[in-house]
Amino acid sequence: MNQDFFTSLRKGEFRIPICVSCGAIAWPPSANCPKCLSPTQLKKSASTGTLLEFSRSHVTGKDGVFGLVKMGDIRVIGSFDSGSLAEGMKVKMTQCGLLDDGTAYYRFVPTST
Amino acid sequence: MHRVAIVSQSGSKYSKDSGKGIFDLACEPCARILNSENLDKANLGAVLFSSCTTEQYSSTILSELLGIRPQISHRIDNLCNSGTNAVVSGYSLIASGLCDTVLVVGAEKARSEGNKLGWDITRGSFMLPVHWAALFAKAHMRKYGTSEEEMAMVSVKNRGNASSNPDALFRNPVTLDEVMASRKIADPLKLLDCSAACDGASAVLLASEEKAKELTDEPVWIQGIGQYTSSASFANATADLCSIEAAKVAAQAAYKMSKTEPSQIDVAEVHDAFTILEILAYEDLGFTKKGTGGKFVKQDNIAINARGGIIGRGHPVGATGVAQVVEIADQLAGSAGDAQVKGCKKGLVHNLAAAGSSATVIVMGSE
Ligand SMILES: [Zn+2]
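Read top to bottom, the protein sequences are chains A and B. Everything in the first sequence is counted per numbering that gives the first Met the number 0, starting at 0 for the first residue and increasing by one. Everything in the second sequence is counted per numbering that gives the first Met the number 0, starting at 0 for the first residue and increasing by one.
No lab work stands behind these hints, which were simulated from the structure alone. In this text, all values refer to a predicted model and were calculated from it rather than measured experimentally. Backbone N, C-alpha and C define an ideal beta-carbon position, used for all residues, glycine too. Don't take every hint at face value.
What the hints assert, rightly or not - Some chain B residues close to chain A (C-beta under 8 Å, calculated; not the full set): (1) 68; (2) 120; (3) 121; (4) 127; (5) 183; (6) 185; (7) 186; (8) 232.
Stated by the list, open to error - Coverage of chain A stretches by chain B, computed from C-beta distances (three or more under 8 Å per stretch; other residues unrestricted): (9) 38-48; (10) 52-62; (11) 71-78; (12) 103-111.
Can you build the whole structure from these sequences, using the hints too?
Right under this line is the structure:
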């Protein structure tokens, strides 16, 4: 797994590895491009996306509303404050980081438009 | 390529906590297989161990404990798909002519750290299997109108089947109302929509055609294999949350290799770690049209998960795929006891790992 991605995520920045040679995205993050295996470099990515599907978890310690978001060419499971959501809705990443146990989190809200 | 037969098969009684170590568990189903009088146990061609245990050198340790000095021995771990992966590897060793007998053993402890996938950062902080399963369920409900009751019926069926299986983790059947009223885990999935990790083991002995004739009068043949890996992450596993791409590709390959149509399958073990996955399997395997899986649970022309599936029989991760092959081999050999489906000729095993990012389909037959 790509150490630079984690370092960046720990600082609350969502930057994803892009291939220096062919421009392909490495997601899940990797130091090497999955298409041509050249090195990758972190780039700031779009923070908006589309909510594909969502649900509510009742698992103790992992509870809350979560959904699969498509941001550009990548997909990620993010968390939402409870509220009215709908599939196809435009959403925006407001926060991300690493919890103490090393678990990643990505928080989203619906965009107002 | 040499033909490959399953000449004997055995499972263990599953439990929440057996109090046994991984190797004691693994030896259990082997006794019945290895104590066959025509078998030169010490000189088996290969011992393949399917497990996500954190113990190192595990297949080699198991070989020694079983009194076998195999030519080839290694461990295969691929989460829930491990056991079917191991059977495919065993098949290859015989089909290539490298070995004439292969013992495939699967075993797992419920609480093994090796059962967890920590790598998939695309799941954020919702990394439990029930989380992606809930998203599959929501998508199927939204697109095809599949109901929570239809999913619950999968649990009712499989728990009902497990109630007559003395080796199953869950021996008590459940009603539709009980499934619907069970505790919510991740909407729309409830506790009784989910399987449970447990301790357990299973084993099969594979043999070349020549060896099979010496060892049994009831060989079961591996007729077709399909396997596909689309990713390791949930994010890239399947474009459409209403089907599992790896399973569809694997099924097509297995049907092609075995020259089988889905309508010829009499018995099947499908991966039902969550009820929605069995519904997706009906569709991905071509048993019913896309979107109609929810209705298919009430069909009666294919016996599916006749001994309880993963929901009823239990889910010892690395043993599961081997156990599925054991069930179908028992059916085709006519040794499935109370669950025996009369006159069955063709069976199928469908197994998945990690959000359906990899899948195996095996077609087996009595001829
Ligand atoms: Zn590249």
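Outcome of the hint check:
1. With its C-beta approaching chain A no nearer than about 39 Å, residue 68 of chain B sits outside the 8 Å limit, and its interface hint is violated.
2. The closest approach between the C-beta of residue 120 of chain B and any C-beta of chain A is roughly 5 Å, which is under the 8 Å cut-off, so the hint is satisfied.
3. This hint holds: residue 121 of chain B has a C-beta 5 Å from the nearest C-beta of chain A, less than the 8 Å allowed.
4. For residue 127 of chain B, the shortest C-beta to C-beta distance to chain A is roughly 6 Å, which falls under 8 Å, so the interface hint holds.
5. Checking residue 183 of chain B against chain A by beta carbon gives a least distance of about 5 Å; that is within 8 Å, so the hint holds.
6. Hint status for residue 185 of chain B relative to chain A: holds, with the closest Cβ pair at about 5 Å, below 8 Å.
7. The restraint placing residue 186 of chain B at the interface with chain A holds, with a minimum CB-CB distance near 5 Å, inside the 8 Å limit.
8. The interface hint given for residue 232 of chain B is met, as the beta carbon of that residue sits about 5 Å from the closest beta carbon of chain A, less than 8 Å.
9. Chain B is given as covering the region 38-48 of chain A, and this is violated because 0 residues of the stretch bring a CB closer than 8 Å to a CB of that chain, at least three being needed.
10. Residues of the region 52-62 of chain A with a Cβ under 8 Å from some Cβ of chain B number 8, which satisfies the need for three, so the listed coverage holds.
11. With 6 residues having a beta carbon nearer than 8 Å to a beta carbon of chain B, the region 71-78 of chain A meets the requirement of three or more and the stated coverage holds.
12. For the region 103-111 of chain A, the proposed coverage by chain B is satisfied: 3 residues have a C-beta within less than 8 Å of a C-beta in that chain, meeting the threshold of three.
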